[in-house]
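Given the sequences, and given the hints that come with them, work out the whole structure.
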Amino acid sequence: GDSVTQTEGPVTVSESESLIINCTYSATSIAYPNLFWYVRYPGEGLQLLLKVITAGQKGSSRGFEATYNKETTSFHLQKASVQESDSAVYYCALGDGYNQGKLIFGQGTKLSIKP
Amino acid sequence: DPKIIQKPKYLVAVTGSEKILICEQYLGHNAMYWYRQSAKKPLEFMFSYSYQKLMDNQTASSRFQPQSSKKNHLDLQITALKPDDSATYFCASSQESANERLFFGHGTKLSVL
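Heads up: the protein sequence lines correspond to chains A and B, in order.
Mapped onto our numbering, the consecutive letters of the first sequence carry residue numbers 1 to 115.
Mapped onto our numbering, the consecutive letters of the second sequence carry residue numbers 116 to 228.
No lab work stands behind these hints, which were simulated from the structure alone.
Positions of the beta carbon are idealized from the N, C-alpha and C atoms, including for glycine.
Be aware that one or more of the hints could be misleading.
[Stated by the list, open to error] Stretches of chain A that chain B covers, calculated by requiring three or more beta carbons in the stretch to come under 8 Å of a beta carbon on chain B:
hint: 1; stretch: 43 to 53
hint: 2; stretch: 101 to 115
[To be verified] Chain B residues, not near chain A, derived (Cβ > 12 Å throughout):
hint: 3; residue: Lys122
hint: 4; residue: Leu126
hint: 5; residue: Ile137
hint: 6; residue: Ala146
hint: 7; residue: Lys156
hint: 8; residue: Met170
hint: 9; residue: Asp171
hint: 10; residue: Ser184
hint: 11; residue: Leu196
hint: 12; residue: Ser201
hint: 13; residue: Arg216
hint: 14; residue: Gly222
Okay, structure coming up:
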């Protein structure tokens with residue numbers, strides 16, 4: 001079936017250090033997967049961080065980057081230097097490119113930044 | 116101010132009862148959705164509506180019934196509640212059903228005793 005697996009949290013990183021949250025997907029029934037990272041900051045609703053709809057392309061937002069790797073079926077989220085304001089729960093998600101509101105989410109990774 | 120209002124934030128119900136979860140969005144969006152997140156499980160898609168019409172239903176049980184009285188409302192009625200229904204229910208919306216940017220509410224946490 002279709003599924004998303006991501007780094008099991010919680011993850012704690014010191015401010016200014018680099019971050020990677022792993023995400024791998026299985027898209028057996030989706031011909032052209034679209035990939036997303038959503039984020040939930042404390043006290044806020046889940047919101048889109050970045051998306052990539054074409055294999056081989058990279059998406060970026062707020063200093064975060066993720067590259068859609070079809071060969072390894074991965075979409076890892078990276079940031080070179082984290083800030084305290086990046087503390088949040090991050091969700092990797094998979095869509096089918098047609099019905100975009102129907103997403104398959106990973107379990108979420110809670111990230112805490114140590115000042 | 117939140118643009119997607121879900122009420123109530125917390126809800127406790129007894130097994131066998133019926134509850135309605137409220138969702139209103141003030142983003143002018145035409146598509147609305149319900150997702151559910153049970154303990155230690157990923158967010159799971161339940162329903163999608165576009166222009167007040169059901170587009171997709173991934174919920175196996177007919178005990179879950181969305182209700183769209185207005186374009187910006189999508190309530191969720193749950194009947195004959197079971198303890199397994201305990202979860203946080205999230206409402207979301209997007210400009211159109213083919214739009215990839217979803218906006219989520221803060222959720223209603225339902226506990227069924």
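Hints, one by one, checked against the model:
| no. | hint | in the structure |
| --- | --- | --- |
| 1 | 43 to 53 | holds (count 7) |
| 2 | 101 to 115 | holds (count 8) |
| 3 | Lys122 | holds (14 Å) |
| 4 | Leu126 | holds (18 Å) |
| 5 | Ile137 | holds (15 Å) |
| 6 | Ala146 | violated (6 Å) |
| 7 | Lys156 | violated (7 Å) |
| 8 | Met170 | violated (7 Å) |
| 9 | Asp171 | violated (6 Å) |
| 10 | Ser184 | holds (20 Å) |
| 11 | Leu196 | holds (24 Å) |
| 12 | Ser201 | holds (17 Å) |
| 13 | Arg216 | violated (5 Å) |
| 14 | Gly222 | violated (8 Å) |
Of the numbered hints listed earlier, those contradicted by the structure are 6, 7, 8, 9, 13 and 14.
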